[in-house]
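2 protein chains.
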Amino acid sequence: MTKLLVFGHQSPDTDTITSAIVYSHLKQSIGEEAEAVRLGEINQETQYALDYFEVEAPRLLEDMKADHQDVVLVDHNEFQQSAVNIKELTIHGVIDHHRVSNFETEGPLYMRIEPVGCTATVLYTIYKEHQVEIPQHIAGLMLSAIISDTLLLKSPTCTERDIEVANQLAKIADVDINTYGFEMLKKGASIDGMSAADIVGNDAKSFELNGHTVRIAQINTVDPVEILALKDDLLQNIDERIERDNYDLYMLVITNILDNDSIVLTKGLTDKVDAAFDVKVEDSEALLKDVVSRKKQIVPPLTNAFNA
Amino acid sequence: MTKLLVFGHQSPDTDTITSAIVYSHLKQSIGEEAEAVRLGEINQETQYALDYFEVEAPRLLEDMKADHQDVVLVDHNEFQQSAVNIKELTIHGVIDHHRVSNFETEGPLYMRIEPVGCTATVLYTIYKEHQVEIPQHIAGLMLSAIISDTLLLKSPTCTERDIEVANQLAKIADVDINTYGFEMLKKGASIDGMSAADIVGNDAKSFELNGHTVRIAQINTVDPVEILALKDDLLQNIDERIERDNYDLYMLVITNILDNDSIVLTKGLTDKVDAAFDVKVEDSEALLKDVVSRKKQIVPPLTNAFNA
Ligand SMILES: [Mn+2]
Ligand SMILES: [Mn+2]
Chain A
1 MTKLLVFGHQ
11 SPDTDTITSA
21 IVYSHLKQSI
31 GEEAEAVRLG
41 EINQETQYAL
51 DYFEVEAPRL
61 LEDMKADHQD
71 VVLVDHNEFQ
81 QSAVNIKELT
91 IHGVIDHHRV
101 SNFETEGPLY
111 MRIEPVGCTA
121 TVLYTIYKEH
131 QVEIPQHIAG
141 LMLSAIISDT
151 LLLKSPTCTE
161 RDIEVANQLA
171 KIADVDINTY
181 GFEMLKKGAS
191 IDGMSAADIV
201 GNDAKSFELN
211 GHTVRIAQIN
221 TVDPVEILAL
231 KDDLLQNIDE
241 RIERDNYDLY
251 MLVITNILDN
261 DSIVLTKGLT
271 DKVDAAFDVK
281 VEDSEALLKD
291 VVSRKKQIVP
301 PLTNAFNA
Chain B
1 MTKLLVFGHQ
11 SPDTDTITSA
21 IVYSHLKQSI
31 GEEAEAVRLG
41 EINQETQYAL
51 DYFEVEAPRL
61 LEDMKADHQD
71 VVLVDHNEFQ
81 QSAVNIKELT
91 IHGVIDHHRV
101 SNFETEGPLY
111 MRIEPVGCTA
121 TVLYTIYKEH
131 QVEIPQHIAG
141 LMLSAIISDT
151 LLLKSPTCTE
161 RDIEVANQLA
171 KIADVDINTY
181 GFEMLKKGAS
191 IDGMSAADIV
201 GNDAKSFELN
211 GHTVRIAQIN
221 TVDPVEILAL
231 KDDLLQNIDE
241 RIERDNYDLY
251 MLVITNILDN
261 DSIVLTKGLT
271 DKVDAAFDVK
281 VEDSEALLKD
291 VVSRKKQIVP
301 PLTNAFNA
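Protein chains in written order, with the UniProt record's numbering: chain A, 1 to 308; chain B, 1 to 308.
Keep in mind the hints are simulated off the structure, nothing from the lab.
Some hints here could point you the wrong way.
Put simply, identical chains are the same to the list, so a pair is met inside one copy or across any two.
[Said to hold, decoys possible] Dumping the calculated DSS-like pairs for lysine-lysine here, alpha-carbon to alpha-carbon at most 30 angstroms:
(1) Lys289 <-> Lys186
(2) Lys171 <-> Lys3
(3) Lys3 <-> Lys154
(4) Lys296 <-> Lys3
(5) Lys295 <-> Lys87
(6) Lys171 <-> Lys65
(7) Lys3 <-> Lys65
Since we're looking at a predicted model, the values are computed, not measured.
Start from the sequences, fold in the hints, and give me the full structure.
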């Protein structure tokens with residue numbers, strides 16, 4: 001086996017970037033060759049975490065193509081979220097916390113998926129199993145991932161285990177979870193310097209639901225009014241993406257991390273949004289009360305609506 | 001969540017039956033409700049192990065349909081090898097050592113797959129993580145599974161970890177691996193009381209290879225001549241199964257566990273067998289030198305042949 005290439009999903013978030021770095025560190029610690037890489041641009045929240053703990057961003061893969069044969073996927077498993085040449089590669093491992101779909105291998109592999117809020121929580125357990133010590137900067141990155149994925153331990157995806165691990169990691173990283181976490185999330189929630197296209201494509205993932213391609217982007221904010229001021233430009237960009245990439249439904253989920261509601265801007269088969277969330281999309285917009293988690297609160301009801 | 005139903009694949013082997021029992025024991029030990037069940041008849045090898053360690057066989061599911069919503073799969077993940085109503089169930093966990101294919105879930109789950117020779121080896125690690133003590137009868141069943149899946153630690157699927165775990169388990173079970181293992185394998189290799197249909201359907205699994213349905217049965221023996229004496233009846237039964245179930249290729253792999261070769265009786269697209277193993281099937285028969293592992297030595301080259 002050549003060096004292992006470790007990467008997370010396209011449109012990388014903090015869990016994806018840090019998990020690639022962290023798992024590579026673990027592999028190196030037990031004497032295996034591994035390199036963290038990424039499939040897209042670092043967002044502002046992730047950059048804040050990398051800067052705070054003085055860690056370099058992983059290398060960007062050209063055209064989202066893995067340039068080694070032997071790979072490990074972190075924080076995702078669905079092929080449409082992965083390297084574009086994923087079907088030609090040998091997947092040796094998957095560390096994840098999502099449902100399994102559109103994933104297969106030709107041979108046996110190491111697959112570690114747990115129903116927790118964040119990949120970092122699974123990685124923490126693997127460090128313990130291998131009795132590898134977690135250095136301060138690695139603990140800081142893992143904590144950042146948990147804060148990001150669970151919106152400061154408040155999302156419905158957050159489990160007891162995430163909270164327990166976050167507290168352990170905060171001690172090693174020597175930061176206060178709330179103080180550090182709020183600063184990091186606020187940084188990620190800023191739309192300073194973002195174009196309408198950047199916002200519409202933020203943390204976007206594709207899902208195959210009963211033969212339809214659904215694209216769901218999500219952006220966190222502390223001020224939804226600031227984003228909705230751009231509504232006309234955002235909707236025009238959504239139309240362009242639907243036209244270009246043949247999506248059947250596009251949803252831009254604007255999540256208010258202070259009050260834990262989301263506003264969705266959506267085009268395409270929006271009657272599925274009506275049915276899934278018992279709302280009425282008007283003027284391409286709807287409020288989803290108490291909805292913050294794409295994985296737990298958006299994809300499952302939408303899947304049901306498409307299967308109905 | 002209601003009680004968890006734990007089961008392995010159709011045409012159960014020793015690893016599938018014992019892993020269902022063992023994982024249910026582990027779940028119960030940590031205070032969760034779980035019941036081991038099975039999707040088919042107990043073979044003679046497995047019965048020997050159950051009798052030796054005085055454990056009851058799991059309950060047989062009617063029509064291979066799970067009768068609870070919440071399930072855990074052991075020793076398999078591919079839906080065509082599972083309960084016939086698997087797509088309607090909620091899969092909470094998978095403990096396995098096979099490639100992943102034709103598997104998906106609607107929500108997050110606990111998935112633990114390792115590239116080792118046997119599910120029992122993965123289960124041993126999970127016992128250690130939960131610091132649950134392994135009782136003698138459970139250790140005996142786990143050891144039986146490793147002996148069965150690795151043909152007494154000699155199959156190419158057998159890893160260092162399997163050997164290490166088998167030695168630990170033999171101590172707890174208080175048996176000599178070779179003495180006990182040879183008796184168990186010999187019991188499984190006996191065709192006493194088996195009809196041609198029993199032999200042709202022994203440990204049979206279906207694989208979807210590039211749009212073709214391939215059925216591969218395997219039987220271990222210490223005396224291939226005894227089985228080949230039934231060749232005409234076996235081939236007729238293979239024809240009947242192809243006719244009835246529309247297989248594109250049927251392979252009955254007769255594995256000599258003393259010299260570690262296999263003879264295959266095959267009907268259907270047998271040119272794929274020629275191509276995969278660089279042999280010439282003549283009179284529906286070919287010798288596969290040094291081939292004993294379906295997973296590692298039969299399915300991968302056959303997959304390549306179908307994709308070529
Ligand atoms: Mn994540
Ligand atoms: Mn097995």
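Comparing the hints with the structure gives:
1. Taking the closest pair of Cα atoms, Lys289 and Lys186 come within 30 angstroms of each other only inside a single copy of the chain (21 angstroms); across copies the shortest separation is 64 angstroms, beyond that limit.
2. Taking the shortest Cα distances, Lys171 and Lys3 never come within 30 angstroms of each other, neither inside one copy (33 angstroms) nor across copies (38 angstroms).
3. In this assembly of identical chains, Lys3 and Lys154 lie within 30 angstroms of each other by CA distance solely across copies; the values are 29 angstroms between and 38 angstroms within a copy.
4. In this homomeric assembly, Lys296 and Lys3 come within 30 angstroms of each other (Cα to Cα) only across copies, at 23 angstroms, whereas the closest approach inside a single copy is 35 angstroms.
5. In this assembly of identical chains, the alpha carbons of Lys295 and Lys87 lie at most 30 angstroms apart whether taken from the same copy (24 angstroms) or from different copies (20 angstroms).
6. Proximity of Lys171 to Lys65 under the C-alpha cut-off of 30 angstroms is found in neither arrangement, the shortest distances being 37 angstroms within a copy and 49 angstroms between copies.
7. When the C-alpha separation of Lys3 and Lys65 is checked against a cutoff of 30 angstroms, the pair qualifies only within one copy, where the shortest distance is 16 angstroms, while the shortest distance between copies is 44 angstroms.
Checked against the numbered hints given earlier, this structure breaks hints 2, 6; the rest are met.
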